[in-house]
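Enquirer: Taken in sequence, the protein lines are chains A, B, C and D. With the numbering used here, the residue at position 51 of the first sequence is 51, and numbering never jumps. With the numbering used here, the residue at position 83 of the second sequence is 83, and numbering never jumps. With the numbering used here, the residue at position 40 of the third sequence is 40, and numbering never jumps. With the numbering used here, the residue at position 172 of the fourth sequence is 172, and numbering never jumps.
These aren't lab readings, by the way, just hints derived from the structure by calculation. Hints may contain errors.
Any copy will do: because identical chains look the same in the list, a pair fits if it lies in one copy or spans two.
To be verified - List time: in silico DSS-like cross-link candidates among lysine-lysine, alpha-carbon distance up to 25 Å:
id: 1; residue 1: K2; residue 2: K44
id: 2; residue 1: K2; residue 2: K39
id: 3; residue 1: K39; residue 2: K318
id: 4; residue 1: K44; residue 2: K318
id: 5; residue 1: K119; residue 2: K318
id: 6; residue 1: K337; residue 2: K2
In this text, all values refer to a predicted model and were calculated from it rather than measured experimentally.
Number of protein chains: 4
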Amino acid sequence: MKISFESDYNNGCHEAVLQRLIETNGAQTTGYGLDEYCKSAAMKIRQACELPNAQVFFLVGGTQTNATVIDALLASHEGVLAVDSGHIAVHESGAIEACGHKVLTMPANNGKMLPSDLKRWLHDFYADATWQHMVIPGMVYLTFPTEWGTIYTRQELYEIASICRENGLLLYIDGARLPYGLMSPVCDLTLQQLSSCCDAFYFGGTKCGALCGEAVVFTRSNTTPRHFFTTTKRHGALLAKGRMLGIQFDALFTNNLYWSLAKNAVELALRLRDAFIAAGYTMAVESFTNQQFVILPNTTVERLSNRFVFEQWQPIDKDTTLCRFVTSWATTIDEIKALETNL
Amino acid sequence: MKISFESDYNNGCHEAVLQRLIETNGAQTTGYGLDEYCKSAAMKIRQACELPNAQVFFLVGGTQTNATVIDALLASHEGVLAVDSGHIAVHESGAIEACGHKVLTMPANNGKMLPSDLKRWLHDFYADATWQHMVIPGMVYLTFPTEWGTIYTRQELYEIASICRENGLLLYIDGARLPYGLMSPVCDLTLQQLSSCCDAFYFGGTKCGALCGEAVVFTRSNTTPRHFFTTTKRHGALLAKGRMLGIQFDALFTNNLYWSLAKNAVELALRLRDAFIAAGYTMAVESFTNQQFVILPNTTVERLSNRFVFEQWQPIDKDTTLCRFVTSWATTIDEIKALETNL
Amino acid sequence: MKISFESDYNNGCHEAVLQRLIETNGAQTTGYGLDEYCKSAAMKIRQACELPNAQVFFLVGGTQTNATVIDALLASHEGVLAVDSGHIAVHESGAIEACGHKVLTMPANNGKMLPSDLKRWLHDFYADATWQHMVIPGMVYLTFPTEWGTIYTRQELYEIASICRENGLLLYIDGARLPYGLMSPVCDLTLQQLSSCCDAFYFGGTKCGALCGEAVVFTRSNTTPRHFFTTTKRHGALLAKGRMLGIQFDALFTNNLYWSLAKNAVELALRLRDAFIAAGYTMAVESFTNQQFVILPNTTVERLSNRFVFEQWQPIDKDTTLCRFVTSWATTIDEIKALETNL
Amino acid sequence: MKISFESDYNNGCHEAVLQRLIETNGAQTTGYGLDEYCKSAAMKIRQACELPNAQVFFLVGGTQTNATVIDALLASHEGVLAVDSGHIAVHESGAIEACGHKVLTMPANNGKMLPSDLKRWLHDFYADATWQHMVIPGMVYLTFPTEWGTIYTRQELYEIASICRENGLLLYIDGARLPYGLMSPVCDLTLQQLSSCCDAFYFGGTKCGALCGEAVVFTRSNTTPRHFFTTTKRHGALLAKGRMLGIQFDALFTNNLYWSLAKNAVELALRLRDAFIAAGYTMAVESFTNQQFVILPNTTVERLSNRFVFEQWQPIDKDTTLCRFVTSWATTIDEIKALETNL
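Isolated chain A (complex conformation) (with noise of 0.2 Å):
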């Protein structure tokens, strides 16, 4: 049996979080999300993010989400800036453009949109007398971490705010891995800080400890679309048994355990990294969270894979690979410690 780092998403649900399933069973509640067990993990979620007045909705899935919360938010001409790289630009089988929206991009930078290629991007488009005749740029979406691992610093994370509400933009973040960054230990923003600089964000469930679903959080009581209720439902979003995303999310904002579970794969993912620096490989992005992409041999990669499952992200040229290697909530010092050896 093969030692999987192929993604945060291989493993079922932490103990913690099945033990609950268990437990709520038997019980019988009413549909939709509008049980106890939700109430109380949107209460939960409020107050870690100390936003008294923020609406808490539970959707199942992140591309789901992305669509469903970008939908709801632009206005039906308005298109939605990323960068080039961001999940919803790629990975998302056009789930954007399904709702007939757009994905503007920009050049990534290692995965981040930079504070100034956003306002130059902004500046020429309205320098271009023809923009009336494009799509308007709406919304802002960020992915924290982003798809290559890194983070946004709190300056960074200000800057793009304010450019957003200069220019009439709202800013959602894509926290499939959320806690991974907030985590890291060269993360300099709160969640309180993230929150309160962007309209809507999400905290994964599915790659931090969950069997499925996403929490999202409409920070300001004015942020919170109409009658979204209607439009998860409109976008296949509303699970019949909305209890079961509750109960998760419940127990992973009990006692610390969505911070605890993230901060622990963060730390295993960093020892990863150590190693492979201490074997002289080169990493390839400088990523301080649960994602670590490194430049292999293709030998290497070879006998690596015998024994360990992983990505194979893209050839650097004939000889050498880029690889992915991520850490979750469910890896064990044992399953680093294998990977050590075998350097």
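Based on the hints, put chains B, C and D in the right spot on chain A.
Expert: Quick look at chains B, C and D alone, frame taken from chain A:
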């Protein structure tokens, strides 16, 4: 604690399903439904249908499944024909229209589409000189059992299938409650007969013993839309931990669990029906499945509401109300007895 | 050569309109409706409506206009309320659903939406415990005159406008044949009254003297959707040579041409109506506009078809057919006389 | 009065087109393009293409035509491949995305898609292990000539067509300025060659002598989408007085008018090009069609702007600007001379 006959999604999942989720929780698998659990469940479903070339996909919820399948099978200018009480026509918040397709309706007959009504609709449509200015029907959508608990006879379904073939229409069956129909004592259809006469249908999981999940079956290899995997992602319907759905359906299709749970629920519903009739109440619809519709005096509604949860479907007059009582795989004989003694 | 009463779009354009197209053909202007002709036409339209803050846009055709305006004004999860004989509900090939919006229907009363029916529909909708699972109405769509040639009284329109305001619904009027309604001798509404009580409407050009073109009016500056210019382009409704539309409407709104053409057409239609009645035929609808619906014996239909073109709307029984005769700005008294002498 | 080289849609229509509109104005015809003028124009177009089985449809404008044709030909999950300067990728306000389709882009080479770039794009796409999570390409979109005035050689177009066939992609050519390309002295393609190697294309009318209108050609009977008439209506692209489009194209395809107008415009553009070069200016792109791109000192731009209208495309540096000068069927030799004497 009140006893709930509100719907068939008010409990967790059947213990055998839960047990499988517990047993498999520690396993590492690849994502997106490409794992061994999903393969095993798909094989069992193909065998149950006796359709070796069928393609099986696991999605999360009913509205999502309807929107994804209908969108995948229709050309962009086509609409889907349904009765006016059909789920897609009423209770899906416009999820079909969100994909650009009109739901074309005709009056229902106790929830069912009569073959003669379908024939007449199509005749009238093409007899209208302006039909090319209208939405062209591309598919017939049926629910089995219907929203009123009724089921199609074999002859009715075969006639509808025949009309579809003659008119170039696809036939799709929404099986959110499929086993509660097939296990009804008045049902003269087998699963094999039902599945062989339609192009696509789904086995409901959410209402039939699972936490969530619906299993879509494209009955013939040539009825599977190209790139349906990508289409599910585009609709936000592709679960990263797809195994969660495969595990549950694998459990449900082991040792006939799916069918025995439904059989029991229907038996309890019919016992309830007998009790209503014996107590002198009028059934609003002749249903022999797990949903029972009874007309109750408002005083009785009020009295029962103290101990039971059920839906007050619609007022009949100022003194009586049409109410719905639903049994499920989780309903017990004691719950039925408790209701009986209160009638 | 048969004389046509088939519809009001069977001729070219009025000679004064053609004359203006000829005179201006050599001029060089900028595109996209930003030229002086469009500005002049828009000013004349604002003056006619006595709405100095109204915004006027020129689009090409009726279905396009309905889809563009409705899509621009609705939130993505909202639907539009119409009667079941409304143009958007029947004869636009799903153009509204193509934008993701459901057309919510109620039965028509001789083509009209009764205020009492609207009130009841809204009451029933919000009284239904499951309304959040349905498409939420955001707008009322009326045609003036209706597809059956009938028109709303001032009291009816004011009541509908009042119900809309109370329920947060926008009111939009499809005026493809607007002047044929306002010029009817039984109309007790002025243009100013009609336009001041709705949020948006359009003046039909195609059926009222122009080659093509419809003039959309957002009646108050705050009812104009943001970036409507861009929205028209997104809908393929922005004409490069937008001047062509401005020139035509400028001609139509010069010297009352738009109104006098319609007045004449209605007078001829009423003369035709009198002739039908005098000849002993039954009118199917009490229409006092340019569309007349009469029930004719099939033998008469056959006889008239040798010399005239008209629509056989629907069979009444095996011996008689409901037929439609339409006059337009191009109809002459001689054509009416020719028909009269053949009845 | 300034002389305009702003674009090719700044004038009315050619006098022969106008003459036909005048002559036919009094005729009564049926609507929606089912009249004799449209039939005649379609026949002339089929003959010009030497494609007796082609299907021809008349739509109103370019963006509308692109959206309608692309939506009709793609499956809902497919995207369309274009260069990043392609009209659908930039200047159509998201009209393609509004139909749910992503525009997949690759860098342009002077406005053109290089066959080698297309081949590499497709190779890289299918080599990516995650391609099923991305938008699957279903069509290649080219403009002929491109937005930069360049044209494909026969070999380039044949190579692209061949790559499309091998990869199951449809090939669609946007011919908004088609005759200005085919009439270029450097063009080695005939109309018959161009039309036979693509699945669909359109003859631009708006920029080539008509008031409005584009003629879509599905080159083989089996490439015409089913119910395309209905699809045009659904897109708001079906003109009630469809004859207006047929009349104009009938005039343009009589006595070679369409081609001789374009030939003259290209000759004048090349004379202008020679004049720019002779005056010592640098052409930004090697264009041999009716659009000329020249880099001018800002002082020259300012001086010329007093007497001429032209687009300042983009700043090159602080002292110079890339400017576009466009000739059309309406440009005269005197206008060219006036510009020459001012360089």
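Enquirer: Now look at each hint and say whether the structure bears it out.
Expert: Cross-check of the supplied hints:
| no. | hint | in the structure |
| --- | --- | --- |
| 1 | K2 to K44 | neither (37 Å within a copy, 27 Å between copies) |
| 2 | K2 to K39 | between (40 Å within a copy, 20 Å between copies) |
| 3 | K39 to K318 | neither (54 Å within a copy, 36 Å between copies) |
| 4 | K44 to K318 | neither (51 Å within a copy, 44 Å between copies) |
| 5 | K119 to K318 | between (38 Å within a copy, 20 Å between copies) |
| 6 | K337 to K2 | within (14 Å within a copy, 53 Å between copies) |
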